[in-house]
Each structure stands twice: as structure tokens, then as C-alpha cells.
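K.L.:
As given, the protein sequences belong to chains A, B and C, one line each in that order. In terms of UniProt numbering, the first sequence has 311 at position 311, counting the first letter as 1, and numbering is strictly consecutive. In terms of UniProt numbering, the second sequence has 150 at position 150, counting the first letter as 1, and numbering is strictly consecutive. In terms of UniProt numbering, the third sequence has 304 at position 304, counting the first letter as 1, and numbering is strictly consecutive.
Treat the hints as calculated values from the structure; they're not laboratory data. Note that this is a predicted model, so its numbers are computed, not measured. Heads up, some of the hints might be wrong.
Unchecked claim - Far from chain B by the CB rule (all over 10 Å, computed), these chain C residues:
hint	residue
1	V100
2	L163
3	E175
4	V191
5	R192
To be verified - No farther apart than 30 Å at their CA atoms in a straight line, the calculated lysine-lysine pairs in the DSS-like style are these:
hint	chain 1	residue 1	chain 2	residue 2
6	A	K36	A	K86
7	B	K15	C	K169
8	C	K169	B	K156
9	B	K156	B	K15
Said to hold, decoys possible - From chain C, some residues computed to sit far from chain B (all C-beta separations above 12 Å):
hint	residue
10	L7
11	V120
12	Q144
13	A162
14	A164
Each residue gets a CB set at the ideal place from its N, CA and C atoms; glycine is no exception.
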Amino acid sequence: MMGKHAQNKALAYSTPLVLIAILALFAGLVTLTGDKALARMAAETLIRVVLVVGLWIFVGNSGIVSFGHAGYMAIGAYCSAWLTLKPQMKSLFLPDLPPWLAQAEWPVLPAAIASGLLAALIALISGAAILRLSGIAASIATFAFLAIVNTVYSNWEGVTGATSSVVGLARYVDQWVALGWAAAAILAANLYANSASGLALRATREDEVAASASGINMYRHRLLSLVISGFFTGVSGALLGHSIGVLNPDSFYLGITFISLAMLVVGGIGSLSGAVVGVLGLSLLIETLVRLEHGVSIGATSVTLPSGAQEILIGIVMILVLILRPSGLMAGKDLQLPRLGKTLQQKQTTTN
Amino acid sequence: MSKLGVFDVSVRYGKVPALTDVTLHLEEGERVFISGPNGAGKSSLLGAISGAVATSHGRIEMDGDLLTGRSPEAIARLGLSMVPEGREIFGSLSVDENLRVGTGLRRDRNAVEGDIAEIYDAFPILGERRNASAGALSGGQQQMLAIGRALMTNPKLMMVDEPSLGLAPKIVDQVYDTLVQLQEDRGLTLLIVEQSSTRAARVGGRMILLRSGSVVGDGNAADFAETDLLSEAYFGKSNQEVAQ
Amino acid sequence: MSSAVQLFFDAASLGGIYAMAALGIALIFGVMNLVNFAHGEYIAFCVFALIVPSTEAVAVMFLGKAPAILLIPILLAIGGAAAVASEYVVFRHMRKATPVAMMISSFALGFIIQNALLAVYGGRPKAISLWPDLNTPIALAGAQLPLLQLIVILTTLVVVCALALLLKKTRLGLEMRAAAENFTMARLLGVRANVVITGAFALSGALAAAVALIMATQTGVADVRMGGQIMLVAFIATVIGGLGSLPGAVAAGFLIGAASILLQGFLPLEVRPFRDAFLYTLVIICLLARPQGLFVPSSAKPRI
Chain A
1 MMGKHAQNKA
11 LAYSTPLVLI
21 AILALFAGLV
31 TLTGDKALAR
41 MAAETLIRVV
51 LVVGLWIFVG
61 NSGIVSFGHA
71 GYMAIGAYCS
81 AWLTLKPQMK
91 SLFLPDLPPW
101 LAQAEWPVLP
111 AAIASGLLAA
121 LIALISGAAI
131 LRLSGIAASI
141 ATFAFLAIVN
151 TVYSNWEGVT
161 GATSSVVGLA
171 RYVDQWVALG
181 WAAAAILAAN
191 LYANSASGLA
201 LRATREDEVA
211 ASASGINMYR
221 HRLLSLVISG
231 FFTGVSGALL
241 GHSIGVLNPD
251 SFYLGITFIS
261 LAMLVVGGIG
271 SLSGAVVGVL
281 GLSLLIETLV
291 RLEHGVSIGA
301 TSVTLPSGAQ
311 EILIGIVMIL
321 VLILRPSGLM
331 AGKDLQLPRL
341 GKTLQQKQTT
351 TN
Chain B
1 MSKLGVFDVS
11 VRYGKVPALT
21 DVTLHLEEGE
31 RVFISGPNGA
41 GKSSLLGAIS
51 GAVATSHGRI
61 EMDGDLLTGR
71 SPEAIARLGL
81 SMVPEGREIF
91 GSLSVDENLR
101 VGTGLRRDRN
111 AVEGDIAEIY
121 DAFPILGERR
131 NASAGALSGG
141 QQQMLAIGRA
151 LMTNPKLMMV
161 DEPSLGLAPK
171 IVDQVYDTLV
181 QLQEDRGLTL
191 LIVEQSSTRA
201 ARVGGRMILL
211 RSGSVVGDGN
221 AADFAETDLL
231 SEAYFGKSNQ
241 EVAQ
Chain C
1 MSSAVQLFFD
11 AASLGGIYAM
21 AALGIALIFG
31 VMNLVNFAHG
41 EYIAFCVFAL
51 IVPSTEAVAV
61 MFLGKAPAIL
71 LIPILLAIGG
81 AAAVASEYVV
91 FRHMRKATPV
101 AMMISSFALG
111 FIIQNALLAV
121 YGGRPKAISL
131 WPDLNTPIAL
141 AGAQLPLLQL
151 IVILTTLVVV
161 CALALLLKKT
171 RLGLEMRAAA
181 ENFTMARLLG
191 VRANVVITGA
201 FALSGALAAA
211 VALIMATQTG
221 VADVRMGGQI
231 MLVAFIATVI
241 GGLGSLPGAV
251 AAGFLIGAAS
261 ILLQGFLPLE
271 VRPFRDAFLY
281 TLVIICLLAR
291 PQGLFVPSSA
301 KPRI
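Chain A with its partners taken away, still in its complex shape:
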């Protein structure tokens, strides 16, 4: 018979399987309806899963709120564009690219991985500085980082096209590609969270002083989690670019920062399941609101929400969750195999 500890550990590893199964079910159901708009919504939702799970790897484990992840996203998105766009297009719209990059015509998957790696590298460099700070100072520094990335990408005319959009990206990302990456992100997040580094990092989240007294090198673990987090965030940027086909620096600024943090907070920063549940819940809400903005007729009356109502309502939901359920919908708990369907887990918290 397995010891209780070993059993808990096995349960902890069942979390990603449950989450991936839910997402696969979601993608499958949407495909079955044959609705193109729904399929696009599913792809976008799954890309957000990659983004928010990537964000969670850092924020959930370290407890530091990052406002800078949209920056890693932008870095990934543009990197994939540089690598995959047709050389003729690049010489036309992005004339200042170095020759090897201007000639590059990579397949999409290596390009996505390279985008993640570049974002991870920038995460390593920026994190090496920012993570020497703690608490709110670190959060503000991540904000400064976001502003730096935005300034550079909005003004680097010949390399990023500045504020005029980069167009013509291959739109290869459908719900299945996104599902693949979402599964990879979830597996990586779970592996990291249950690794020695992840456990040590969460110990520092509970009590910084005690953890450092026990000899945990907080800085190194934070940096490692940021690098992994940066990789998946960068990939999510690349996926987003190849899903909508157009890049603009401002699509990687405050709006996406807000939405991704909202999803993380609503689901619950304390657990990986919280990140995924938050994305699914808010994406559903966004989709409903977008449809209402276009106008929906219920019987004889048609309901149309004014534009902007979507963002306002999401903000309200976020504040309500923070007030009524400060640790999010999942409250730090994880979905696990034997307990799913009963109560969503009572005691065996894997991440808390």
C-alpha cells in the first residue's frame, strides 16, 4: 500500500491530467458544433491558458505580482513574426532587420519555441535585476519593464514596424495547436510547482524571513520560475500573433496585463487549477458579453450592451471576487482525480 505522502504526491500529479482533459473536452465540444466563431473563441481561450498558466508559474509560486508579462508576450510575438514572415514582406515593412533574420523563413513550431526561448532569455536578464527587489518595489519594477518594452517596440520603426501593425502572419493556430501548447504549459507548471525549487519558492511566499533563515536561496528560485514563466508567456505571444495574424505593440500593454491578472485572481493565485478555471470562467463571460454587445434578441426584445461594457463588467467581477472570495474561485485548491465530482477537494492542497 502506498504511504499517505506518496499518495498525496501521486494525487498532485493527477492535477494536470484532469485540467488537460477538461480543456480537451472543451476543444472537442467546440469543434463538434462546427461553428467557426466558436472555434476561434476556443483557440483564443486556450492561448490565454498558455499565457495565464505561464504567468502563474511565476506569480503563483513566488507571490510577487508581475505587471511585466505582457512585455515577454510582445517579445515572443515579434520574434515569431521575424522568423516566419516572408522575406519580401520583411524587406518591405521591417527593413532594418539584420540580414540573417530578414532572410529567415522558419517553420512555425521551431519559431514558436525560439520565441519562447528569447522571452525566457529576456526574463533571465530583466529578472536578474528586478528580482533583487521584493514585494511592491518588485511589482513596480515589472511595470517599469513593461513600459520599457512598450516604448522600444512602439518606436523601433525598421524592426518592429513601430505603431503601424505588422500584418501577414500565417494564421496556423487553431484550437488544437493551442490545446497542445496549453497542455505543455500545464505539465511544465505542475512539474515545476512540485519540484524542489517550486516547493522552496512557495515556502518563501508564506514567510520570507523564515524561509531565508532556513537557507532557501529565494533569489535563485524566483529567477528560475521567472525564466520558465517567461518561456510560456513568450510562446503565448507567438500563438496570439499567429491566431489573429496582426501584431501591434499596444495589444501587449495594459489591456492584456489587466485581463491576464484578472483571470489569475478570479480563479485563485494559489493553485494551478485556479489559473485554468479563471481563464475558462472569464473567457466564457467575455464571449457572452461580446455577443451581447453585438445585440441578442430574446423573444421580441433585443438586448444590446454599449461597447466598453465588457471591460467594465470584467472589472466589476474581479473586484467582487476580491472582496467576496479573496483567494479566488479555487481558493488555493487543485482539481485532482479521485475527488473531482465530489467536493472540489477539501484537505489535500498541493500548492498551499
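Got chain A; can you put chains B and C on it based on the hints?
P.N.:
Same frame as chain A, but now just chains B and C:
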């Protein structure tokens, strides 16, 4: 009607109980010491009375007014004042400003200046340094300031948490002399947390013993020094029997 | 020589705006440890309160038509009321929440205000003309200065002094300083939490309105995005100045204004569009060198 009535009060931090069904009464003008080992619930009791700590059960009354569920500032306005453990003076404010923080709740605003003069009379060193930043005072001076600050709210009941903590014995003598003097002058009711039973016996008054969140003794402080009740409170009865 | 004078006035007037915005943020942080990301949106809200609600490109003055003697107090009151209302609706229910949860909810609140403005006024920046005469240049020490720059600098000085007096000399100021240092102890002495917090929000909102008036006059534009930009700079000033330190916030606001003008003036032409990237890099370097803030003695214990 007693001055302060604590009825079946429990306090818990998460799942950890700090106080369990504590009942005690203070009469007008009484001086009562709360003693007991670390973790007995002394500070939780003071916290519960002052409103800084939420109770999970029971009720607390002062002069017949229900204190339970009120905010700390509302309780302060009913006439309860606190000299907290570690003094907690406002280090960035001047001595004079520290004394004035608690005067906002008073109706008799014109008596404030007179009271401040009185405090400076009682503690001349505070008067000398009235414009200095309070953080620059010595430990003993800070204790005087904390007492003076609590008095400036014109309380009916004053609670003092471990006034002797971190002070030289000679200074502790001074602090207690002042407290006794003040009580006689103003007819205050005093509730003092004091670890040392010999100190409590020397000052004189009633003593209530707490252990593991419950009242285990109540009587004249002088008697405690001679009985085994105290060691019982600290070590538990069974231990004592084993030792014998 | 004259260009040096010009630079000085540019730096001082820009720094003055930053300093006032940073003060508004530092006040709230000092009292309740809230990093209020909605502060920038209070500023934007006040700017838009000047004009008639419509999505047209040209703004029609609404409150902005009132004579200054009425307009200034009314707008300060509107700013104060907006901030107090947001406390009442959102932050009052989060008194026991962690600073991180409060910070995120203020971010959400800012987003709500911004999108509400967007829905009512549309996304295009609007030209507004508030007190255009103030932009007429006057000659001083050989430099051509818009009158407004002088007014901004004077206003900043007046606001900072008035705030210092209020904190030093009034009952509310005393209670706010005590509460900023040790809120629980202040409450045990009868200081009413709600009064102090409402007071801090009212002051902070009035400061936002002052910034709004100056920015509206100086730039002549009402833009829904203006709140985000000024908020970021003001935040950074608050952190560099030492979170919660009011003199630190003012000093850091001026410092960032000066750094920004100097970078603008002396960066090579080809990298000048990247000015803000240099500015924020400097900020991160500052934070790394002195995480507790530039203007706080290094012995001071960190607040968070």
C-alpha cells in the same frame, strides 16, 4: 454592576484557541493583575477587551455597555484606554503630538491643555523634551509617554500590558509608583499584565492567573506569592504532583 | 544661458506635476498600505469632467466654461468626491485584505473608470482649450516661458506647503500621521479609521484634480489614456521616494521630471524616441541601488 465584565469569552486564531470561556469581573477603582506563562492568553484577553482582537464567543461589558463587536475606536470612546506591550509610541511624532493623538475623542476639549500640563508635572522629563521626536526617547521615557498618552483620553478603565518589559528594575519601580499614584488621584480602574508575581504582590491588588487560555486562579496578589497556585499555573498540577 | 533657464523651468514644471500626482498616491499608501493604481484615472476623470459628454472629436466645454474662481474649487471637490466614492464602494470592503489584493482591485477599478470614460467620450483624443491665455510666453531672464509654467511651479509649491501645514497643524493631519505610523494603536486611542481614510482619499482626489487642471491647460488635450501614463510615472516617483514618505514623493517627482527633460534635451536625436525606455531603466537602477527609496535613511525599516 461591575466596572468590567468578561463573560465566557473565547478567542481563536484560525484553529488555534488562545482563550477559552474566560469569565472575570473588575470593580470600580480596583487594581487587577493578570499573570501567567507565555502563551496563556494574557495579551489576547487585553486585545479582546480593547476590540483589537475579534472574539469567537462570549461578551464583554463595561459599565453595562456591550463592548463585543465594537471597533477599537468606539471602545476607546467609551472610556477604555490601553498602554500596549512594547509601548508602541509614534516614533515620528513629537512627544507633545503623541499626547494629543488620543484627545480627539474628548468632549471637554478645553481641559486638554490642563491635562497635558499635569502629565508634564508628573513626568518632568517629558515636559523637557516635549518637542523632541518620541522615537529618540529612552525605553523608560517611552513607557512614561505611553502611560501619559493613554491618560490623555481621560479613561475610566486603563489596561497596561507588561509595563516592566525591557526596563531596568529601578525604572519599573518608578513606573509602578506613578501608576499607583495616578490611580489614587483619578479613581482609575487598572488592569495590568505582569509576569512577576512578586512584583504584583509588592504593588498590591487582586491577581488573576491564566494558563492555556483559562482562568486558573483569582485572589489577593500577596497570597499568590506564598501558595503553589502560581507554579501550578506555570507547570500544571499533574507535573507538580509528579515532581513531589 | 537662456537655454539653461528654459531647461530648468521645463524640468521644474514637469516635475511639479509628477510630484503632485505622486503625493496623491503616497498619502493613501501611507495611511492604508494601498498602492492605488486608480489614481491616474481620477486625473483623467477630472479632465473629462471639464467637457460635455459626447464622442465628438471637438470638445465642448462644460464645467470648463465656469470662471476659474468657481471652476477650481468645484473640480477639486469632484476629484475628492470621486476618490472618496471609490473608497466607499471598493476599498472599504477590503480593509482586511492583503496589500496585493488591494493593489489588484485598484488596478481593476482604474480599468473600469477608463472604460467608462471610453464608452461615454469615445477613444479619440479631444482638443480642449482651458485658459489658453496662460500659454502665452513671457520673457524672463532671457528665456521665453509660458506663464503656465510659472503657475505650475508656484502651484506645486503652494500645494506642497498647504499639505505640509495641514498635516502638521490640524487635528486630521495629526491623526493621519499617527495612523500612517501605527493604525491599530491610533484606533486604540480613539482615532476613527473611517475619518482618517476618507480624509486621505479626499485629499488625494483633490490633488488629482489639481494635476488634471494643469495638464488640461498645458497639453490642451483630453485623452482617455492620459491617466495611465501619469499614473506610472507617479508610482515610480512614490517608490523611488520611499513608499509612504510624502517629502520623498515630492523630491522624486521633481527628480523624474528633471531626468525626463534632461534625457529629452541631451539624448542623441536617433534614440530620442526611446527616451521613456532610458527613463524607466534609470528607475530600475535607482530601485536596485536603494530599494527602500532614495530619500529614506537606509536604517529605516522597510514598510512592506
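K.L.:
If a hint holds in the structure, say so; if it doesn't, say that too.
P.N.:
Hint check:
no.: 1; hint: V100; result: holds, 20 Å
no.: 2; hint: L163; result: holds, 16 Å
no.: 3; hint: E175; result: violated, 6 Å
no.: 4; hint: V191; result: violated, 6 Å
no.: 5; hint: R192; result: violated, 5 Å
no.: 6; hint: A:K36 to A:K86; result: holds, 27 Å
no.: 7; hint: B:K15 to C:K169; result: violated, 46 Å
no.: 8; hint: C:K169 to B:K156; result: holds, 29 Å
no.: 9; hint: B:K156 to B:K15; result: violated, 34 Å
no.: 10; hint: L7; result: holds, 36 Å
no.: 11; hint: V120; result: holds, 38 Å
no.: 12; hint: Q144; result: holds, 44 Å
no.: 13; hint: A162; result: holds, 19 Å
no.: 14; hint: A164; result: holds, 14 Å
In summary, the structure is inconsistent with hints 3, 4, 5, 7 and 9 from the numbered list given earlier, while agreeing with the others.
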